[in-house]
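Enquirer: Generate coordinates for the entire structure from the input sequences, incorporating the hints supplied.
Each step along the sequence shown adds one to the number in our numbering, with nothing skipped, and position 122 is 122.
Rather than coming from a laboratory, the hints here were simulated on the basis of the structure.
Keep in mind that the hints are not guaranteed to be accurate.
Unchecked claim - List time: in silico DMTMM-like cross-link candidates among lysine to aspartate or glutamate, alpha-carbon distance up to 20 angstroms:
no.: 1; residue 1: Lys-144; residue 2: Glu-134
no.: 2; residue 1: Lys-120; residue 2: Glu-107
no.: 3; residue 1: Lys-81; residue 2: Asp-64
no.: 4; residue 1: Lys-73; residue 2: Asp-128
no.: 5; residue 1: Lys-125; residue 2: Asp-70
no.: 6; residue 1: Lys-125; residue 2: Asp-71
no.: 7; residue 1: Lys-80; residue 2: Asp-66
no.: 8; residue 1: Lys-81; residue 2: Asp-66
Said to hold, decoys possible - Taking CB as the label site, the calculated pair distances span:
no.: 9; residue 1: Lys-55; residue 2: Asp-88; range: 15 to 21 angstroms
no.: 10; residue 1: Asn-76; residue 2: Tyr-53; range: 28 to 34 angstroms
no.: 11; residue 1: Asp-146; residue 2: Asp-86; range: 49 to 55 angstroms
no.: 12; residue 1: Lys-149; residue 2: Asp-64; range: 34 to 40 angstroms
no.: 13; residue 1: Arg-41; residue 2: Asn-76; range: 56 to 62 angstroms
no.: 14; residue 1: Thr-108; residue 2: Lys-43; range: 48 to 54 angstroms
no.: 15; residue 1: Gln-56; residue 2: Pro-90; range: 16 to 22 angstroms
We put the beta carbon where it would ideally sit given N, CA and C, even for glycine.
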Amino acid sequence: MLSQPPIYAKIALPFSVTSFIKDFSSSHSLYIELEEMGRLRRKRTHHGIRDNYRKQRTRAYTRDLDQIADDLKPENVDKKKNQEIDTDLPGLGQHYCVECARHFISETHLTEHLKSKLHKRRLKKLEDEPYTQEEADRAAGISKPDNGKKGGRVLTSQDVTMEE
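Expert: Rendered as structure tokens:
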């Protein structure tokens with residue numbers, strides 16, 4: 001009978017034991033190595049979520065309400081509605097909702113969108129006056145400097161009356 005090669009097994013125990021145990025049996029030799037368990041490795045799997053979020057946020061950027069308010073001026077509406085053919089845009093860029101700043105595949109999808117709740121909500125938001133830089137400055141407490149009257153007349157003694 002041929003002797004079998006020894007079998008090695010590594011076992012980790014939660015207490016501090018580092019030794020070798022040799023166990024002989026009739027058919028083969030068995031070596032067991034007891035090893036001390038270390039601490040668990042902390043997880044570092046979610047550290048890139050912030051960067052992915054920022055990338056997606058800038059990729060899916062939509063036009064702001066003040067930009068759309070500029071697009072709704074009569075001289076700009078015709079430019080937005082009658083755009084040149086662009087193969088990168090849905091529907092070749094021919095079916096555009098100016099209020100929502102969205103391109104649609106076909107005229108039927110555009111008319112369906114015009115009846116939708118999302119479009120009606122956008123129309124309600126656009127009824128308000130668009131946010132301006134002057135309004136932002138006033139909210140921050142920044143105002144134009146007060147340099148006094150421009151070209152005003154000089155006070156004379158007749159303008160000032162003193163009561164005795």
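Enquirer: For every hint, state whether the structure bears it out.
Expert: To see whether the hints hold, each was checked on the structure:
1. Lys-144 <-> Glu-134: holds (10 angstroms)
2. Lys-120 <-> Glu-107: Holds. Lys-120 to Glu-107 sits at ~18 angstroms (cutoff 20 angstroms).
3. Lys-81 <-> Asp-64: holds (18 angstroms)
4. Lys-73 <-> Asp-128: holds (15 angstroms)
5. Lys-125 <-> Asp-70: holds (14 angstroms)
6. Lys-125 <-> Asp-71: holds (15 angstroms)
7. Lys-80 <-> Asp-66: holds (16 angstroms)
8. Lys-81 <-> Asp-66: holds (18 angstroms)
9. Lys-55 <-> Asp-88: 15 to 21 angstroms: holds (20 angstroms)
10. Asn-76 <-> Tyr-53: 28 to 34 angstroms: This hint holds: roughly 33 angstroms between Cβ atoms.
11. Asp-146 <-> Asp-86: 49 to 55 angstroms: Holds, since Asp-146 and Asp-86 (Cβ atoms, about 51 angstroms apart) stay within the stated range.
12. Lys-149 <-> Asp-64: 34 to 40 angstroms: Between Lys-149 and Asp-64, where Cβ atoms are some 38 angstroms apart, the hint holds.
13. Arg-41 <-> Asn-76: 56 to 62 angstroms: holds (58 angstroms)
14. Thr-108 <-> Lys-43: 48 to 54 angstroms: Holds, at about 49 angstroms.
15. Gln-56 <-> Pro-90: 16 to 22 angstroms: Check passed, 20 angstroms falls within 16 to 22 angstroms.
Hint compliance for this structure: every hint is met.
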